[in-house]
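Chains A and B are the protein sequences, given in the same order. All letters in the first sequence, in the order written, are residues 1 to 574 by the numbering used here. All letters in the second sequence, in the order written, are residues 1 to 287 by the numbering used here.
These are computed hints drawn from the structure, not numbers from a lab. Beta carbons are placed, not taken as given, at the ideal position from N, Cα and C, and that holds for glycine. The reader is advised that the hints may include incorrect statements.
[As the list claims (entries may be wrong)] A partial selection of chain B residues facing chain A, derived with a Cβ cut-off under 7 Å:
(1) Asn-2
(2) Pro-65
(3) Arg-106
(4) Val-111
(5) Ile-113
(6) Trp-236
(7) Val-239
(8) Leu-258
(9) Pro-262
(10) Leu-268
(11) Ala-272
(12) Gln-275
[Unchecked claim] Stretch by stretch, here's where chain A covers chain B in the computed footprint (C-beta under 8 Å, at least three residues):
(13) 13 to 21
(14) 222 to 235
[Stated by the list, open to error] Restraint-style ranges between C-beta atoms, simulated for each label pair:
(15) Pro-288/A x Tyr-56/B: 36 to 44 Å
(16) Gly-57/B x Leu-77/A: 56 to 64 Å
(17) Gly-350/A x Val-112/B: 28 to 36 Å
(18) Ser-135/A x Gly-126/B: 53 to 61 Å
(19) Gly-92/B x Met-464/A: 46 to 54 Å
(20) Gly-256/B x Leu-77/A: 50 to 58 Å
(21) Arg-270/A x Trp-164/B: 44 to 52 Å
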Amino acid sequence: MIKWALIALLAVFLVALPYLGLLPGWTFSLATTVVLQAVALIGLNLIFGVVGMLAFGQAAFMALPAYIAAVLTELGLAFPVALVGGFVITVAVAGLVAGVFVRLPGVYLAVGSLGFGFTVEGLARAFPAWTGGASGLVFPYGRALNEHEWYVVAVVLLVIALLAYAWVVSGARWRCLRTIRHDELAAAVLGIDLTREKARAFTIGSVFAAAGGLFLALYVGVQIPEDAGVTRSLEQIGTILLGGAGFLFGPLVGAAVVNWLFVVAGYGARYELLIYGVAFLAVVLYAPDGIMGWITAVRLPFGGLLDQRNSVSEITVLPPTFDQGAVAAAAGNSDEICLRIDNLSRRFDGLLAIDQVTFDVRAGEIFTLVGPNGAGKTTLFNIISGILAPSSGTVYLRGLDITGLRVDRRAPDIGRSFQVARLVPELSAKSNVLVRLDQIAPHLGERERHHLALAQLDRFGLAMLADRPVKELSLGQHKLIDLARAAVGDPALVLLDEPAVGLTESELLHLAAVLDALQRRGSAVLIVEHNIEFVTRVANRGIVLDSGRPIAIGPVKEIFADQKVRDAYFGALT
Amino acid sequence: MNPLSQAVASGLMSGAVYALLAAGLVLAFHTSRVVNLAHGEAYAVAGLVASALSGYGWPRYAALPAALLAAVLFLTSLEHFLLRPRRDWPVGSLILITLATAFLMRGLLQVVIGVDPLSFPRLFVGPPVRILGGIIPLQGIFLIVIGLGTAAGVLLLLRSPMGWRLRATAENPEMAALLGINTARMRLLAFGIAGALGGLGALLLVPLVSVDYQSGLGMTLRGFIAAAIGGMSPSWAIVSGVGLGLAEALVTTYMGALAQDPIVFLALIGVAVWQSRTIMFGGSVRA
């Protein structure tokens, strides 16, 4: 609510500002330009500021609609149709560019978007008959409005854009996008479809760029190839960083400060690039959160309200009752085989990390994976969770072959914790747990998911910490939150990578109780753990690996009594 | 004049430069995890410094080494002063630092040198050579020979004890440090070599074309495309650098210079689609 009120208040203030004459040089034309630029930059803020994708060609997406509209008009389309056409085609192109590049590591998108910028600028120069060439595309259609009317149009557009942005990044989507930004691997394991989410964010961001750019072209009346160029795109990255990447008002503040400074400084055209460069570098090095970060940090009045980054409204009351079975995994009878590893091998170049491993884990069973360092335990975990593909062999989950299934598609059935907890530090403990619930239980309402997440934290004795940002908590607490997250929703299979490391005795008791509860609900639990005492206490059966080969399998007490195991595992001690 | 052999000749010339750039980019990437977006600025710095100094009347034997030194100093300073203190930052932030540095260098070159394209006299003057109906200036022949020779020298260097230390730093910095390798010095060395290779490319190519303050990013782009096609392996990056130069020249010859940027972009899309076969978290890919 506060966010909406703030946006409304801001709109009133913006409309009044040029009339008030408070700022020297803050004319209608400057104000309109700033506001329209801010509309376009909201898109870059989503792509780069929120999700952290390196998109270095957004100026091209701003300039493209006007160019396409000009071409379509030349081809004989009515002007309004051509405008819409230019907008739609631009967004489609953005979707294609995203589809090609977001599957790969971030730097591919960085260079791909740079290349796109060069291409659009080059084409604009190459076809002067269509685009006006170097002297610019004349786009005289905006003269129908006077400067006051234009200003109102711009502010209305900005308000719409801010509302749309606030809606796009609210609740579950904010948690999802910040998780992607912080840790793509963890995001995928939690069930986030990285390619889809990143492509979607890039395309939505480009909608803002195309809309803002189109209106800017209409307002200014001329568009030159440089407007599409790489320099302009990189200046925009600098503007976002200066304003505050990922903050609701970051783009507006950045655009206002940059444009106003250049007006006040009298447009030292020769020094523009250098000043940008110095400011850009200084912000990247010393103030990664920009002006908005500084405003929220010094706690100005209302500063906390402006901190969009933590302002997800959270429900903290535990309901008297909640439906435990709502997302519970379909509990099988205890004889059902949950996980079957069939003749699995994985080779890394010359090294055989997993060598023909076969075993079953039954539903409702706690199964442990034991072996000295380098035995292949983590490799096996990575294959089961889908991060690595096996060289040969098959993984079955409840009788289904999941060997080729993508990581994120396994999330509803497989929960996984990590050796070192992989949480998003800026999000609360509850939000971190929610990220997984958002993915595996999208049919539940936000409120129900909050209840489930809180109940899950309560099982681990963490309910008191639910709303604290994870970065304020201790490492042991991180570990427990990671475990709570892996087990939330009672997946058919829970993979725990050294869960007991770093836990206190009372935290271990919580862990044992939760494992017990999981077992009773029919989940299978696979544990890698070096704490032999803990493992013998909680696990039913286990397998011992040595250099990728299974050397013993059976009830825990028996495998630890086995002489081969004692030699492999404790050899160094005896 | 035979357009095909002419295109091949000019393709080999720019290809040799792209190979140098790609080799440097790969070297710096492997020791530091960072794709250095300021890499091409080393080319622009060397080209513009050499042109400016020649313009002031400096003799060639002073101007060219000074230009090379400027390129090396630029990239080593980037590594030493900006990247090294921030080793624990996420890679994305480090890439942003290199981008901001590229921007700063562009602005600096614009203010100090100006916006006009510059050039300087050729090192190797003589009658152009005719090969198979194509005409190559003597400088071009030397460019191809020296460029590819230096690139091959880098590959040899990687097989020397020094090269093993570089590769160990790339493979596992912690382990390399435990083995007594000064990894910080190795990274500095890699950035220095990268600067020298980029600068050398400029010294050989700029007399035939020209350079301005905006040339750097385009060179980064081409170096990266070659490196990416080559799967970030030094030897393949050199091969694909030459290939990229040839492709560009053929496109320019048969489709016009204006088709260059779109073709480079299309090549990049091709690389991306090809690399997507082995996407990282794609369980469907059987290794």
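Hint by hint, here is what the structure shows:
1. Taking 7 Å as the C-beta cut-off, the interface hint given for Asn-2/B is violated, the closest approach to chain A being about 27 Å.
2. Because the beta carbon of Pro-65/B sits about 27 Å from the nearest beta carbon in chain A, more than 7 Å, this interface hint is broken.
3. Interface hint status for Arg-106/B: upheld, as the beta-carbon distance to the closest one in chain A is roughly 6 Å, under 7 Å.
4. Hint status for Val-111/B relative to chain A: holds, with the closest Cβ pair at about 5 Å, below 7 Å.
5. Interface restraint check: Ile-113/B against chain A, minimum CB-CB distance 12 Å, threshold 7 Å, status violated.
6. Of the supplied interface hints, the one on Trp-236/B is violated, with its beta-carbon coming no nearer than about 17 Å to a beta-carbon of chain A, more than 7 Å.
7. Annotation: Val-239/B was flagged as interfacial toward chain A, and the flag is violated, the nearest CB pair being 19 Å apart, outside 7 Å.
8. For Leu-258/B, the interface hint holds, the least distance from its beta-carbon to any beta-carbon of chain A being 4 Å, beneath 7 Å.
9. Against a cut-off of 7 Å between C-beta atoms, the interface hint on Pro-262/B holds, since the closest Cβ of chain A lies about 5 Å away.
10. Given hint, Leu-268/B at the interface with chain A, holds; its Cβ is 5 Å from that chain's nearest Cβ, closer than 7 Å.
11. Nearest Cβ of chain A to the Cβ of Ala-272/B: about 5 Å, under the 7 Å cut. The hint holds.
12. Residue-level restraint check for Gln-275/B holds (minimum Cβ-Cβ distance to chain A is 6 Å; threshold 7 Å).
13. Coverage of the region 13 to 21 of chain B by chain A is violated. Counting CB-CB distances below 8 Å, 0 residues qualify, and the rule asks for three or more.
14. For the region 222 to 235 of chain B, the stated coverage by chain A holds: 3 residues have a C-beta nearer than 8 Å to a C-beta of that chain, and at least 3 were required.
15. Under the hint 36 to 44 Å, the C-beta atoms of Pro-288/A and Tyr-56/B, about 41 Å apart, fit the expected range.
16. Between Gly-57/B and Leu-77/A the C-beta distance comes to about 59 Å, which sits within the given range of 56 to 64 Å.
17. In this structure the supplied range 28 to 36 Å is violated for Gly-350/A paired with Val-112/B, their Cβ-Cβ distance being about 53 Å.
18. In this structure the supplied range 53 to 61 Å is violated for Ser-135/A paired with Gly-126/B, their Cβ-Cβ distance being about 42 Å.
19. A hinted range of 46 to 54 Å for the beta carbons of Gly-92/B and Met-464/A is inconsistent with their spacing of about 34 Å.
20. Distance hint check for Gly-256/B and Leu-77/A: the Cβ-Cβ separation is about 28 Å, which falls outside the suggested range of 50 to 58 Å.
21. For the pair Arg-270/A and Trp-164/B, the supplied restraint of 44 to 52 Å holds, since their beta-carbon distance comes to about 48 Å.
In summary, the numbered hints that this structure violates are 1, 2, 5, 6, 7, 13, 17, 18, 19 and 20.
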